[in-house]
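Those protein sequences? They're chains A and B, same order as listed. Taking the working numbering, I'd label the letters of the first sequence as residues 1 to 273. Taking the working numbering, I'd label the letters of the second sequence as residues 1 to 319.
Treat the hints as calculated values from the structure; they're not laboratory data. Quick caveat, the model's predicted, so the values are computed rather than measured. Hints are not guaranteed to be accurate.
[To be verified] Derived Cβ-Cβ restraints for the label pairs, each shown as a range:
1) D5/A - V274/B: 39 to 47 angstroms
2) A41/A - R132/B: 20 to 28 angstroms
3) R297/B - L271/A: 41 to 49 angstroms
4) K270/A - D131/B: 33 to 41 angstroms
5) K270/A - G185/B: 32 to 40 angstroms
6) N39/A - W176/B: 36 to 44 angstroms
7) A41/A - D25/B: 54 to 62 angstroms
8) T8/A - R29/B: 22 to 30 angstroms
[Claimed, not checked] To spell it out: a stretch of chain A is covered by chain B in this simulated footprint if at least three of its residues, at any positions, have a beta carbon under 8 angstroms from a beta carbon of chain B; those stretches are:
9) 17-24
10) 185-193
11) 221-232
12) 239-253
Using N, Cα and C, we set each Cβ at its ideal position, and we do this for glycine too.
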Amino acid sequence: MSAVDLSTTSARSGTYWALADCWNIVRRGLTHYQRQPVNIAWQLGFPILSVLLYGYVFGSAMKVPGGGNYTDFLMPGMFVMTMAFGFINTATVVVYDSTKGVIDRFRSMPMASSAVVAGRGVTDLIVACAELAIMMLTALAMGWRPDGGLGFLAAFGLLLWLRFALIWIGVWLGLLVPNPEAAGGLFAVAFPLTMISSIFVAPQLMPDWLGWIAAWNPISSTAAATRDLFGTPGGTGDSWVEQHALLMAGVWPVILTALFLPLAVRRFRKLSR
Amino acid sequence: MDGYAVRAEALEKRYGEKRALDGFDLVVREGTVHGLLGPNGAGKTTAVRILSTLIRLDGGRATVAGLDVARQPREVRARIGLTGQYAAVDEVLTGRQNLEMFGRLFHLGGRRARLRAAELLEQFDLTDAADRGVGKYSGGMRRRLDLAASMILAPAVLFLDEPTTGLDPRSRGEVWDSVRALVAGGTTVLLTTQYLEEADKLASRITVIDQGRAIADDTPDGLKGLVGGDRIEVVVAERSEIPRVVKVVARVTDGEPEADETELRVHAPVADRVAALTEVARTLQDEGVRVEDIGLRRPSLDDVFLRLTGHRTEKEAAA
Numbered sequence: 001m002s003a004v005d006l007s008t009t010s011a012r013s014g015t016y017w018a019l020a021d022c023w024n025i026v027r028r029g030l031t032h033y034q035r036q037p038v039n040i041a042w043q044l045g046f047p048i049l050s051v052l053l054y055g056y057v058f059g060s061a062m063k064v065p066g067g068g069n070y071t072d073f074l075m076p077g078m079f080v081m082t083m084a085f086g087f088i089n090t091a092t093v094v095v096y097d098s099t100k101g102v103i104d105r106f107r108s109m110p111m112a113s114s115a116v117v118a119g120r121g122v123t124d125l126i127v128a129c130a131e132l133a134i135m136m137l138t139a140l141a142m143g144w145r146p147d148g149g150l151g152f153l154a155a156f157g158l159l160l161w162l163r164f165a166l167i168w169i170g171v172w173l174g175l176l177v178p179n180p181e182a183a184g185g186l187f188a189v190a191f192p193l194t195m196i197s198s199i200f201v202a203p204q205l206m207p208d209w210l211g212w213i214a215a216w217n218p219i220s221s222t223a224a225a226t227r228d229l230f231g232t233p234g235g236t237g238d239s240w241v242e243q244h245a246l247l248m249a250g251v252w253p254v255i256l257t258a259l260f261l262p263l264a265v266r267r268f269r270k271l272s273r
Numbered sequence: 001m002d003g004y005a006v007r008a009e010a011l012e013k014r015y016g017e018k019r020a021l022d023g024f025d026l027v028v029r030e031g032t033v034h035g036l037l038g039p040n041g042a043g044k045t046t047a048v049r050i051l052s053t054l055i056r057l058d059g060g061r062a063t064v065a066g067l068d069v070a071r072q073p074r075e076v077r078a079r080i081g082l083t084g085q086y087a088a089v090d091e092v093l094t095g096r097q098n099l100e101m102f103g104r105l106f107h108l109g110g111r112r113a114r115l116r117a118a119e120l121l122e123q124f125d126l127t128d129a130a131d132r133g134v135g136k137y138s139g140g141m142r143r144r145l146d147l148a149a150s151m152i153l154a155p156a157v158l159f160l161d162e163p164t165t166g167l168d169p170r171s172r173g174e175v176w177d178s179v180r181a182l183v184a185g186g187t188t189v190l191l192t193t194q195y196l197e198e199a200d201k202l203a204s205r206i207t208v209i210d211q212g213r214a215i216a217d218d219t220p221d222g223l224k225g226l227v228g229g230d231r232i233e234v235v236v237a238e239r240s241e242i243p244r245v246v247k248v249v250a251r252v253t254d255g256e257p258e259a260d261e262t263e264l265r266v267h268a269p270v271a272d273r274v275a276a277l278t279e280v281a282r283t284l285q286d287e288g289v290r291v292e293d294i295g296l297r298r299p300s301l302d303d304v305f306l307r308l309t310g311h312r313t314e315k316e317a318a319a
């Protein structure tokens, strides 16, 4: 028998425990990074490599419509890409937890089941902040010179806002795909989706039809809006969506969340079927 | 709680056309190990997942620790432990970090979660490995940690879903020892397994499930009684000897001798055990039959299963 008092009757409210449970799941997620710091290096590897490749190899050949430095054009795009690829990380962890039985263990415990998903989301946002910080330091080292102040903070916020919306796509996909190997395949889908946007090249330099798709890509709005807020605008076309980048950078994540949060929740509930 | 830790009546669970559970009944007495035995796809796991509140039932009624699984899932969860192939521990964290995390998620608070983790690591002989990543644990250590994680609140009922599938014999023995210790401490265990030996060793009562239905419920000995008493068994060196052995065995049996041509084995039920064995051994020796092995065998649960369902268990299929 245990020498520890195992009674768990508590005067605290359900909300207190939902938050406490969520925080414990966050702690778990962060401990994962602490125990496997190489993971964060992997996650950053691709964007940093892209920065170097596009910045130094293609940089001299790339044009920014309306003039301007390509490095200044590219960097906000790189930040957006890092956020965009984040949904793969979310999906990978979720698919691992659900296929290995970790989520089932949580669901068999008297904790708040919302904490399983909410804790994942909060962890991903904290990690996203760290990723952005590291990316920005790399960019500064390469000669990127953004405006400081409120605009900078607003841009940072918009990037996290995009990442927040993508959590739900990640959770949904994580519960949808059958195994961790399949989650790895998501990269093949994500890569072209991020290419057909304003991240690397201004849409107006693309063939009309492709440029139109690229302009309406949700991540293009975040890229254009943050370029603006960092004080290095450029490559903005005449289409409505490009002219209202700041608005759309706020609206797109709302649409994505409205679409995928219910899908993720439904998928999570389906585990009980 | 009326002496029963688990009570399930006419459980139904459908997946499309397939009936995973089709009127499944089960009662488990408090403080016992109850075996739930059946081949893959018989409904064992579905039953455990319903009783541990992981999935909803489509019909029937079930109580665990006196609480209704459909109406009071949260209360049920505070009184059960779930372990086995479907409830895992975190592979990246250390053993200690796992137990502390689960302790906090069981709402023990940080200090008590730490104390309880240390206590369980000691109890399950994991103290030395406590601060290593679980990914580096052996199969047996991982199952023990799994057991420890489901014992954090000293639950009234522990669901052990195929706890030793894929383990080597030594690790299997370690897990069995841990289970016995838990039951000695007052926990009721519902054990699902494909290994008849496991149910025989641990369970005081066994429910056999096939095609979503309980088809037998008895003590291990009672189940074995279903296929008759002891059998005499003779293994010969060459196939050509089999007909002669069958003739000799036929003299002492009250049933029909059965011959297994591939295993070179002849066996038959016997009532007067020692007399029959002596008689057969002597006659075979007199006739100069080359015998590899001769003896009496209690029927195994494998025999029971074949008798009840008409098909063999798929044991070792997973191993």
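Taking 41 to 49 angstroms as the hint, is the beta-carbon distance of R297/B and L271/A inside that range? Distance hint for R297/B, L271/A holds at roughly 45 angstroms.
Range hint compliance [Cβ, A41/A to R132/B, 20 to 28 angstroms] = The hint (20 to 28 angstroms, Cβ to Cβ) holds, given that A41/A and R132/B are roughly 23 angstroms apart.
Item checked: Distance restraint evaluation - D5/A, V274/B, Cβ atoms, bounds 39 to 47 angstroms -> violated (57 angstroms)
Does the Cβ distance between K270/A and D131/B fall inside 33 to 41 angstroms? This hint holds: roughly 37 angstroms between Cβ atoms.
query = Is it true that A41/A and D25/B lie within 54 to 62 angstroms of each other by Cβ?
reply = holds (55 angstroms)
Review point. The region 17-24 of chain A covered by chain B? Criterion: 3 or more residues, Cβ-Cβ distance below 8 angstroms.
Key: holds (count 4)
Count the residues of the region 239-253 of chain A whose CB lies closer than 8 angstroms to any CB of chain B, then report whether that count reaches three. n = 0 at 8 angstroms, threshold three: violated.
- Task: Using the Cβ atoms, figure out if T8/A sits within 22 to 30 angstroms of R29/B.
- Result: holds (26 angstroms)
**Message:** Quick check: does the Cβ-Cβ distance between N39/A and W176/B fall within 36 to 44 angstroms?
**Reply:** Between N39/A and W176/B, where Cβ atoms are some 37 angstroms apart, the hint holds.
Honestly, do K270/A and G185/B meet the 32 to 40 angstroms range at C-beta?
holds (37 angstroms)
- Stated coverage of the region 185-193 of chain A by chain B [criterion: 3+ residues, CB within 8 angstroms]: violated (count 0)
Fill in: Whether chain B covers the region 221-232 of chain A (at least 3 residues having a Cβ closer than 8 angstroms to its Cβ atoms)
Our answer is that it is violated, as 0 residues pass the Cβ test (under 8 angstroms) against chain B, missing three.
In summary, the numbered hints that this structure violates are 1, 10, 11, 12.
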